[in-house]
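**Student:** Here's the letter readout for the chains.
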Amino acid sequence: MTMIDKSSTSLAEAVADVFDGATVMVGGFGEAGSPIELIHALIDQGAKNLTVVNNNTGSGHVGLAALIENGRVARMICSYPRTLGSKVFPELYRSGRIELELVPQGTLAERIRAGGAGIPAFFTATSVDTPLAAGKELRTFEGRDYVMEYGLKADFALIKSERADRHGNLIYNKTARNFAPIMAMAARTTIVQTGALLEVGAIDPEVIITPGIFVNRIVTVAEPAQESRLVAEGRVYP
Amino acid sequence: MTMIDKSSTSLAEAVADVFDGATVMVGGFGEAGSPIELIHALIDQGAKNLTVVNNNTGSGHVGLAALIENGRVARMICSYPRTLGSKVFPELYRSGRIELELVPQGTLAERIRAGGAGIPAFFTATSVDTPLAAGKELRTFEGRDYVMEYGLKADFALIKSERADRHGNLIYNKTARNFAPIMAMAARTTIVQTGALLEVGAIDPEVIITPGIFVNRIVTVAEPAQESRLVAEGRVYP
Amino acid sequence: MTAENKQARGWNRQEMARRAALDIPDGSYVNLGIGIPEMVAQFVPEGRELIYHTENGLLGMGPAPAVGEEDPELINAGKKAVTAAPGAAYFHHADSFAMIRGQHIDVCVLGAMQISEQGDLANWSTGEPDAIPAVGGAMDLVAGVKTIYVITQHCTKNGEPKLVESCSYPLTGKGVVNRIYTDLAVVEVTPQGFVAVELAPGVSFDHVQEKTGGRLVAGPQLEK
Amino acid sequence: MTAENKQARGWNRQEMARRAALDIPDGSYVNLGIGIPEMVAQFVPEGRELIYHTENGLLGMGPAPAVGEEDPELINAGKKAVTAAPGAAYFHHADSFAMIRGQHIDVCVLGAMQISEQGDLANWSTGEPDAIPAVGGAMDLVAGVKTIYVITQHCTKNGEPKLVESCSYPLTGKGVVNRIYTDLAVVEVTPQGFVAVELAPGVSFDHVQEKTGGRLVAGPQLEK
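Chains as they are written, first to last, in my numbering: chain A, 1 to 238; chain B, 1 to 238; chain C, 1 to 224; chain D, 1 to 224.
For the record, the hints were derived by calculation from the structure and aren't laboratory data.
Among the hints, a few may not be true.
[Said to hold, decoys possible] Beta-carbon label-pair distances, calculated as ranges:
hint, chain 1, residue 1, chain 2, residue 2, range
1, D, Ala131, A, Arg144, 23 to 31 Å
2, A, Thr140, D, Thr190, 18 to 26 Å
3, A, Arg144, B, Asp145, 26 to 34 Å
4, C, Lys146, A, Ala202, 27 to 35 Å
5, D, Gly35, A, Asn70, 32 to 40 Å
6, B, Asn49, D, Pro161, 51 to 59 Å
7, C, Glu210, B, Asp145, 29 to 37 Å
8, C, Pro25, B, Phe141, 25 to 33 Å
9, D, Gln103, A, Ser95, 37 to 45 Å
10, D, Arg48, B, Gly234, 46 to 54 Å
11, C, Gly47, A, Pro238, 37 to 45 Å
All values derive from a computational prediction rather than experimental measurement.
Yeah, the Cβ is synthetic: ideal placement off N, Cα and C, and Gly gets one too.
Construct all of the structure, not just a fragment, from the sequences and the given hints.
**Tutor:** The structure is reproduced here in structure tokens:
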């Protein structure tokens, strides 16, 4: 007998309450772990003026790049918005139509983890003596300088998992894990697309990467699209 | 062909270089995960004036309690030194022969994780407005008060794992996992007793909890003693 | 007061746990402290499912195992043998307290030495000079969990009130307690102070007020 | 300079990678940047075993897969398909950068736009107003990894020196570079500035000095 069931019946239902101006963390490092079907559902849903947190800015005209291209993203928080095949973001950025908060990748990861772990701020040596430390509080511990960085939270996280159970326990596939476990922690509402939804108890408690407490909604996408293939095919979403 | 091999031939060899005055993190929450054979080897080895980090202070006259009873520990960093069956620490503490740094359990865990992750300090709401915040830096973020806490590192960590491979990749058993993964990160030299040492590649890369990068030495203890049983039998070490 | 009188005039430990269990919403993630709070798990109302967190690294804690089935490496925060329910997950201490500090746990039920009108909680130390201070995860729980319930006898063994105007013992946290389940009453901590929202059978509001150190207000619920 | 001359007067990309690989101690945990640094893995001397970290969540990265065997969910920091070697482990981004920031990685090999006499590194931005700034993990790596090697052409395509008195581009980190492997020489960054410790075949110290923006000292190794 299991009553707790976080499964959603559709992608559209899963993202229905994303509101204009929301902060949305989007899992993935390049295409690995990118929840492309959830992103497309969010494009269909229409929420705009979003702040999006992702390591990159997508490629081609699908997934995250399509969300940006469709004018839904007011601001990116990101470490590397300049990947091969990323044309949409640079254009909007140069023309001043999108804001960028550039964050070193490890600081981005730690800020997300801190947001999820109830840590409002922490110190890191990363970026000290560089332009990215400009305006940040500096402090010396044991003779070394550090900058203070803030925890980062979100209203929603859209992530991709390999397998899930109805309690929201998740496991991932290889390097598609990347930002998903910490984004699940940092978002008020975590929405997961999974390759297969299993019964509770089907995943060994020792190997669960994201415990269900961090997950709110799960929708099954058994055969997710492969972003690089869509890009190679010249697809444009919608 | 595997050349990297972190296995030690004996418990004595594994702890041979622990020096007087060292900070030693000891895994375990109560008896679950306590590396009792490594602790006994450390008692035999003789290092003294140690600072020991553990959630508790052991029970009976074996394991961590025996290390304390044998006068090797100058200072405990600990959240709960008052468990049932813990008689050794209270006596020494009341007679002023051991120092105590009392740290809330979650702050202790986060300080250890921060030490291992290169974070010199962070802010937490835990202990604000209590005596444990006395003398600590207070700071307000978004209207709430937080105390600054420091990352905690160690010279050595002694931990217990269920299985290991020769690269030092570890998996644990149930709630015996507790502090071990973060202590492995925070110590300069991490020494592991494991139930079984496997060939490299025998553990699925998806389920490894502690990657080998955090591990320096591994010694096999196929049938570790159960602390509560030794205590029930009235055993005294050595 | 005779034992018979005592029983007639209040809830026993099981009943206090059962009463607290009634207030925990379906689907909550719950951390139960040591002692009476642990018993809450036995009284979850039919039709509700709660998921229990134990701070030593297990979400989805199940009931105690059968005698002889105990695993010394599967324990709860009180270091008692437990089981893992279907859907359970193990994790390390930093991840476990990330759940707590990060406000992911919905409800925590704790014991108390004192609770003030402002919801301050003291439950870790008497502050006596020869006491061995021990705090465990209590400060983390009250700082991080959204809703804090306390289950406690209304008075100490010596008859001193535990619900007080302000705590004389060192605090665990300031302004953290939401509701108190005692042998005499259910008391809500509000901006106006203690509000009795339910009385144990045979217990009068005046009696509860007499046993309460701080000011106690009768909630509108009592007028029914 | 003709192509023939150029080849005669320095190391090619493979040789630079091979030369850097020689200096990485057996058993090291190594992070390789995008570009020439990636090639280091092909030239590990016989008898040594290195473990490769890629910051997107894999320790124990193996070589590129055979054509047709690529897995879009098994990639490196440069987003190229890789494999997992025996003993590999996957982890999330915060854990991955805990390895970096916490000084657990022994050696990182990176590319560079400029390196100063003080070991300052600039490798993420020209600082031009219309450039899209992108930093990735470079600042984390130079702040957290114990030993930083740089592999780079000694000069830019326009013939400008990359080893300079002080960087004109925005810094990635200050005083972080330990050694530089160029097409012309191996250069150590010391408190006394750049020290040439080895010259590529057919390359004179004077030639390297001429191509170096900062002051270059001949190391004792060159006298042998």
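**Student:** If a hint holds in the structure, say so; if it doesn't, say that too.
**Tutor:** Evaluation of the provided hints:
| no. | hint | in the structure |
| --- | --- | --- |
| 1 | D:Ala131 / A:Arg144: 23 to 31 Å | holds, 30 Å |
| 2 | A:Thr140 / D:Thr190: 18 to 26 Å | holds, 25 Å |
| 3 | A:Arg144 / B:Asp145: 26 to 34 Å | holds, 27 Å |
| 4 | C:Lys146 / A:Ala202: 27 to 35 Å | holds, 29 Å |
| 5 | D:Gly35 / A:Asn70: 32 to 40 Å | holds, 33 Å |
| 6 | B:Asn49 / D:Pro161: 51 to 59 Å | holds, 54 Å |
| 7 | C:Glu210 / B:Asp145: 29 to 37 Å | holds, 36 Å |
| 8 | C:Pro25 / B:Phe141: 25 to 33 Å | holds, 29 Å |
| 9 | D:Gln103 / A:Ser95: 37 to 45 Å | holds, 42 Å |
| 10 | D:Arg48 / B:Gly234: 46 to 54 Å | holds, 52 Å |
| 11 | C:Gly47 / A:Pro238: 37 to 45 Å | holds, 43 Å |
The structure fails none of the hints (numbered hints given earlier).
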